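Asks: Respectively, the protein sequence lines represent chains Y and F. With the numbering used here as the guide, the letters of the first sequence map in order to residues 34 to 200. With the numbering used here as the guide, the letters of the second sequence map in order to residues 50 to 297.
Source of the hints: derived by calculation from the structure; they are not laboratory data. Here the structure is a predicted model, which means the values were calculated and not measured. Do not take every clue at face value.
[Said to hold, decoys possible] Capping the alpha-carbon separation at 30 angstroms, the derived lysine-lysine pairs in DSS-like fashion look like this:
#1 Y:K47 <-> Y:K132
#2 Y:K149 <-> Y:K132
#3 F:K177 <-> Y:K200
#4 F:K241 <-> Y:K160
#5 F:K177 <-> Y:K133
#6 Y:K160 <-> Y:K73
#7 F:K177 <-> Y:K160
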Amino acid sequence: MVEGQIHIEDSVIKAALESVPDPEVPVLTVLDLGVVRSVKLKGNTVYVDLTPTYSGCPAMDTMAVDISQALEAKGYQAIINLVLSPAWTTDWISENGRKKLEEYGIAAPLDELSDKRALIDGDRVVKCTNCQSTNTKLISQFGSTACKALFQCEDCLEPFDYFKCLK
Amino acid sequence: MSVDRYILSLSDNSMILGHRLSELCGHGPTLETDIALTNISLDLFGQVRGFLSVLAARQGSDVTEDSLAFLRREREHFNCILTELPNTDFAHIIVRQYFFDVFHKMQLEVLQQSTDQDIAAIAVKSLKEAKYHERFSQSWMLRLGDGTEVSHAKMQVAVNTLYPYVHELFDLTEWEKELIESGVAADTETIKEEYYRLIHQTLAQANLSTDGLSNRYAKGKHGMHTENLGFILAEFQYMQRAYPQMEW
Chain Y
34 MVEGQIHIED SVIKAALESV PDPEVPVLTV LDLGVVRSVK LKGNTVYVDL TPTYSGCPAM
94 DTMAVDISQA LEAKGYQAII NLVLSPAWTT DWISENGRKK LEEYGIAAPL DELSDKRALI
154 DGDRVVKCTN CQSTNTKLIS QFGSTACKAL FQCEDCLEPF DYFKCLK
Chain F
50 MSVDRYILSL SDNSMILGHR LSELCGHGPT LETDIALTNI SLDLFGQVRG FLSVLAARQG
110 SDVTEDSLAF LRREREHFNC ILTELPNTDF AHIIVRQYFF DVFHKMQLEV LQQSTDQDIA
170 AIAVKSLKEA KYHERFSQSW MLRLGDGTEV SHAKMQVAVN TLYPYVHELF DLTEWEKELI
230 ESGVAADTET IKEEYYRLIH QTLAQANLST DGLSNRYAKG KHGMHTENLG FILAEFQYMQ
290 RAYPQMEW
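All chains should be built: construct the whole structure from the sequences, respecting the hints.
Replies: Laid out in structure tokens, this is it:
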């Protein structure tokens, strides 16, 4: 699950990007999310390639502005370029990001097959983020944001979001 | 240029249907379906932004993503009539969505191989989302079509109204045929048979019939629309028409 993570040489730039949260899932940084596709430093200008999670994700513009500001605060100029290809997949969320999601109360994406079983066949395979039970049911395929579905645990009754697998 | 028109026709299907779904924001029958329909709308508008920003960059000068979205006249829209038909009730919303979603998904599958790199990139991205849309609308087709007496009756009325417009999804315009030759556009003839097989399979499972229904005249892809589009644009373009070049 590390295929989508990029290597950033410069520690100051890396730290700056690590300080930028996803505005809709604030426990994740833009690096955890895997939306930063490349970072290049030329002179004093940082060129950042950014890819959207879902095409209509309203958080993209905010992320672009936040990244620019974080880099400018470190004395760089930032140029953000939006790229569509290759398309983002939930496999690009870092291992650490998945852990943070779970702790925050959002179930991390399952593999494609289990995801289908959970979302189409209604199989109980998504683990409750509150009590770890898999006795959970799908409430809605579409949750509070485009990337999530809504589930409820039938053991502890907690409703929770599940980050849908996007491949 | 014909490729520009093709991009607009792809974009307009998503934009006009996306607008129809946005009308439901806060009006869905339950909170979950309300959120689902507006999420689908958001995905569709995301695709529109992809297409229109590409087109604006190609056309240059003072053409922008926004001018393409908000300043075109009715005759300059190339969406299929199906996408502009009114919401009427939840049955119409679901049947319209399902007929479109299956087509949209299959069309995007083909467009992933488009020789136009921008169209191909948007198709790869949008296809992932379109799969979720189809799952949603298909599950409601079955639940309501094969549901109670009342839900079945309402779904049948919706099928009677909307099915006659489905054929237009496969209407190939002259400019489209040229683009199929060069590998830019999707040859929808190749997916037509499978499309009808799939929707008829779902309709049968949902206990819904298309017996006796015949095709209605539909030339949306030629820029000729029903009166519905005028009302949609009146609302959609209101701000830019009333306050030209207004920005947030």
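Asks: Which hint numbers doesn't this structure obey?
Replies: Of the numbered hints, 4, 6 do not hold.
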